[in-house]
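Student: Note that the UniProt record's numbering has the sequence shown beginning at 1, numbered continuously upward.
Since the hints were made in silico from the structure, they are not lab data.
Values in this document were obtained by computation on a predicted structure and should not be read as measured data.
The C-beta atom is built at its ideal place from N, Cα and C for all residues, glycine as well.
Please note that a few of the clues may not be correct.
To be verified - For each label pair, taking beta carbons as the anchor points, the in silico distance ranges come out as:
#	residue 1	residue 2	range
1	ALA210	GLY150	44 to 54 Å
2	THR58	ALA258	19 to 29 Å
3	GLU19	GLU60	23 to 33 Å
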Amino acid sequence: MPEVIVLATGGTIASRHDESGAAAPTDAGAALVETAGAVPGIDVTVRDVTAADSSALTLEQLDEIRAAVVDALADPEVAGVVVTHGTDTMEETSLLVDLTHTDPRPVVFTGAQHPADSPAADGPANLAEAIAVAADPGYRGLGVLLSFAGQVQTVRGLAKVSTVAPQPFEGGLPVAELAGTAPNRLLTKPAPIAGVRVDIVASYPGADGALVDAAVAAGARGIVLAGTGSGNTTVALAEAVRRALDAGVVVVVSTRIASGPVDAAYGGGGGAADLVAAGALLSRRLRPGQARIVLLALLAAGVGPRWIAAYLGR
1 MPEVIVLATG GTIASRHDES GAAAPTDAGA ALVETAGAVP GIDVTVRDVT
51 AADSSALTLE QLDEIRAAVV DALADPEVAG VVVTHGTDTM EETSLLVDLT
101 HTDPRPVVFT GAQHPADSPA ADGPANLAEA IAVAADPGYR GLGVLLSFAG
151 QVQTVRGLAK VSTVAPQPFE GGLPVAELAG TAPNRLLTKP APIAGVRVDI
201 VASYPGADGA LVDAAVAAGA RGIVLAGTGS GNTTVALAEA VRRALDAGVV
251 VVVSTRIASG PVDAAYGGGG GAADLVAAGA LLSRRLRPGQ ARIVLLALLA
301 AGVGPRWIAA YLGR
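The whole structure should be built from the sequences, with the hints applied where relevant.
Tutor: Written out as structure tokens, the structure is:
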């Protein structure tokens with residue numbers, strides 16, 4: 001029988017309510033697999049990596065999760081890997097793994113919208129489905145995947161768009177559209193992202209450059225601008241971006257809007273066209289969280305702005 005390794009990292013899928021009514025990760029991976037039930041024809045091995053709410057994960061822990069995936073796939077007899085993870089930052093961790101995942105075997109992320117002790121707990125069904133996907137040869141060569149609420153999609157472009165919907169994620173490509181090709185691997189060896197500082201700064205009416213200047217002063221090597229519209233900002237914030245660029249900081253422009261491309265269509269002193277003219281890079285598809293992960297991974301690997309621009313421009 002094919003073997004699937006489940007890597008448990010915490011999150012809502014592993015959470016139970018305490019006496020105060022707050023939910024926190026308590027269940028180890030073995031308990032999650034037991035609750036999901038046996039998946040016919042598949043052997044499951046469980047490894048606990050961490051037990052954290054994904055909103056609290058550090059860059060060191062993201063490095064640990066990526067390393068755990070690589071270690072699990074070191075055994076050629078393993079058919080695939082499942083990572084149970086909190087939904088809050090699943091889009092970030094899954095993309096980090098995807099950026100350097102060149103093995104054809106599936107790595108499948110899943111989680112839950114409801115804690116394990118909730119009457120509406122969705123974790124067991126999601127985990128059982130993810131295990132089946134990880135063992136299925138039909139999902140080989142597609143990169144890192146998300147299996148959630150009966151849907152399977154790629155993780156590049158993924159964003160959590162609802163705090164309550166059974167399927168909270170949008171933006172990935174349905175696997176039926178991929179034709180067996182893993183898209184957009186990074187052509188570089190992985191390097192630890194811990195120790196690299198990349199900050200996200202939001203634009204809003206009246207925003208000045210104080211937060212950009214503060215990020216530069218704190219040692220940021222990169223800044224992701226969560227712009228308005230198709231990647232626009234205020235004149236004052238654009239001036240701070242120019243100062244950051246002059247200081248050697250890589251600045252990437254994304255958007256707070258849930259869907260649609262980032263585009264250098266507007267000027268006026270703070271438009272995306274002005275930011276690009278100053279030397280900022282556009283993240284055409286990836287929203288701020290995932291754009292930050294790309295920037296972290298590429299800066300850690302020593303990749304220059306030209307290649308960062310090429311990746312984010314896809």
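Student: Of the numbered hints stated previously, which ones are contradicted by the structure, given in increasing order?
Tutor: Of the numbered hints given earlier, the structure breaks none, since each of them holds.
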